[in-house]
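**Q** Dock chain B with the ligand against chain A, hints included.
Keeping their order, the protein sequence lines are chains A and B.
The first sequence maps to residues 1 to 327 in this note's numbering.
The second sequence maps to residues 1 to 135 in this note's numbering.
A portion of the hints provided could be inaccurate.
Simulated restraints, written as ranges between beta carbons of each label pair [what the hints assert, rightly or not]:
{"id": "1", "chain 1": "B", "residue 1": "K99", "chain 2": "A", "residue 2": "S91", "range": "37 to 47 Å"}
{"id": "2", "chain 1": "A", "residue 1": "C19", "chain 2": "B", "residue 2": "V36", "range": "36 to 46 Å"}
{"id": "3", "chain 1": "B", "residue 1": "Y92", "chain 2": "A", "residue 2": "P175", "range": "19 to 29 Å"}
To be clear, the hints were calculated from the coordinates, so they are not data collected in a lab.
Where a beta carbon is used, it is the ideal one built from N, C-alpha and C, also for glycine.
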Amino acid sequence: MRGRALRFSPVALLLLAGCTGTQSALDPAGKDASVLADLFWVLLIGATVLWLAVNGLFFYVTRIEPRSLSRRLAETLVIGGGIVFPFFLLSGLLAYALSIMPDQRLEGTGVQIRVTGEQWWWRVEYIPEPGAEPIVAANEIRLPVDHRTEIKLGADKFIHSFWIPALAGKMDMFPGRETRLAVEPTKVGVYRGQCAEFCGEAHALMAFQAVVMEQDEFAAWLEKERQDAVMPASDLARQGEAIFLEEGCGACHTVRGTEARGPAGPDLTHVGSRLSLGAAVLPSDREAFADWVRHTKRIKPGVKMPPYVHLSDEKLSALSAYLEGLK
Amino acid sequence: MAGTGKNEETKTLAEEADSLWLITFAGSIWAVHFLVCYCATAVICAKLGGDAAAILMLRLALGGVTLVALAGIAFVGWRSWLQWDFLDDGDYVHNLARKEDRHEFLGHASFLLSIISFIGVIYVSLPVLFLETCQ
Ligand SMILES: [Cu+2]
Numbered sequence: 001m002r003g004r005a006l007r008f009s010p011v012a013l014l015l016l017a018g019c020t021g022t023q024s025a026l027d028p029a030g031k032d033a034s035v036l037a038d039l040f041w042v043l044l045i046g047a048t049v050l051w052l053a054v055n056g057l058f059f060y061v062t063r064i065e066p067r068s069l070s071r072r073l074a075e076t077l078v079i080g081g082g083i084v085f086p087f088f089l090l091s092g093l094l095a096y097a098l099s100i101m102p103d104q105r106l107e108g109t110g111v112q113i114r115v116t117g118e119q120w121w122w123r124v125e126y127i128p129e130p131g132a133e134p135i136v137a138a139n140e141i142r143l144p145v146d147h148r149t150e151i152k153l154g155a156d157k158f159i160h161s162f163w164i165p166a167l168a169g170k171m172d173m174f175p176g177r178e179t180r181l182a183v184e185p186t187k188v189g190v191y192r193g194q195c196a197e198f199c200g201e202a203h204a205l206m207a208f209q210a211v212v213m214e215q216d217e218f219a220a221w222l223e224k225e226r227q228d229a230v231m232p233a234s235d236l237a238r239q240g241e242a243i244f245l246e247e248g249c250g251a252c253h254t255v256r257g258t259e260a261r262g263p264a265g266p267d268l269t270h271v272g273s274r275l276s277l278g279a280a281v282l283p284s285d286r287e288a289f290a291d292w293v294r295h296t297k298r299i300k301p302g303v304k305m306p307p308y309v310h311l312s313d314e315k316l317s318a319l320s321a322y323l324e325g326l327k
Numbered sequence: 001m002a003g004t005g006k007n008e009e010t011k012t013l014a015e016e017a018d019s020l021w022l023i024t025f026a027g028s029i030w031a032v033h034f035l036v037c038y039c040a041t042a043v044i045c046a047k048l049g050g051d052a053a054a055i056l057m058l059r060l061a062l063g064g065v066t067l068v069a070l071a072g073i074a075f076v077g078w079r080s081w082l083q084w085d086f087l088d089d090g091d092y093v094h095n096l097a098r099k100e101d102r103h104e105f106l107g108h109a110s111f112l113l114s115i116i117s118f119i120g121v122i123y124v125s126l127p128v129l130f131l132e133t134c135q
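With the rest of the complex left out, here is chain A (with noise of 0.2 Å):
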């Protein structure tokens, strides 16, 4: 019995492991997401009672007392059991889950960012008042602490769903209509975003990052992203910069403060400074870089970017040196 019990712990700790991590939603680092974790335990907690009772009853009145019961036992049961009791229950639990909703849907203040579908990243403005120019950015999401953020969504082409977990609920982006959601984060650190609504070939490979930082951090890191590009930092990266434009990456791509303005493709303003690439599928190093942008297909099928086969180890390694350090 015993060594049962043992060898029973180290499952049950691994499959407590799987709540934890940065994409759970039973890990929450939100308000609203805790609201929502909350309501799950209870829900949960409920249905195991009710099953426990409901099966209990079928084993009491099948093995271990079976014979008839009682006419007025057995009314009492049906009545009892059958409409008041789940009456109530069930009342009770809608009423608890209608009784969050409003707050879930609390607008944020201060900067609001939009965040529109594309095959298959995100495209991210964060305007830092109604009417200013929007700051533009791409597949990863940076939050202020302590603070309700107003996100509005939008797609391209396909709907796609916003899901950040740890945070709060999800919402669908559909083409040519705007939905909103609202995040308040409460402890600093990297979750982990996912598009949760089918998009095509490649919608299990677009995801992001959600950056919570504080807020001090934050406004400076807006400001800093408000910048153009910086200059290429070595010959190397210079020689990459002339590959890039060279290439044509500048049709599809803008990095702000040269004549790449594609718009087509994430912006590459600060790709360098971004904790992932391809919408959180690849690490942000020289490597990664290199790889990306020799076998875009192989990595992500369907992706809308060609694969620069042709490219020298040299070249590629020039691009990518420029790549990384926009920071």
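**A** Here is chain B with the ligand on its own, set in the frame of chain A:
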């Protein structure tokens, strides 16, 4: 005789026509109540979604509609309870091919339908109580 038996049956069926109607009422009230809530909310939210006064009016109006629906279902339930006539003979089972059984069966069934419709209407209306905006 087979012929007269048949006539008899047609006659009692005609007499039961009223309670055949009775059995549809509770569920229909529930359905109409749902449609009214759904459509009114959709239209008001689409046209006047940001107007707090309009939404308050909508919630009050739907509250009124709900009370009317509940009263209607309660009335149907009361009529069916009388028709079932349970307290008189304590009949739960009505499986004989005779007039009384048919009559009480229809009452019994519409009584149970009234209960579920009553609960349905309450659940449909709960959001009106809790949600103060179109969000
Ligand atoms: Cu998607």
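**Q** Check the structure against each numbered hint from earlier and tell me which ones fail, lowest number first.
**A** 3
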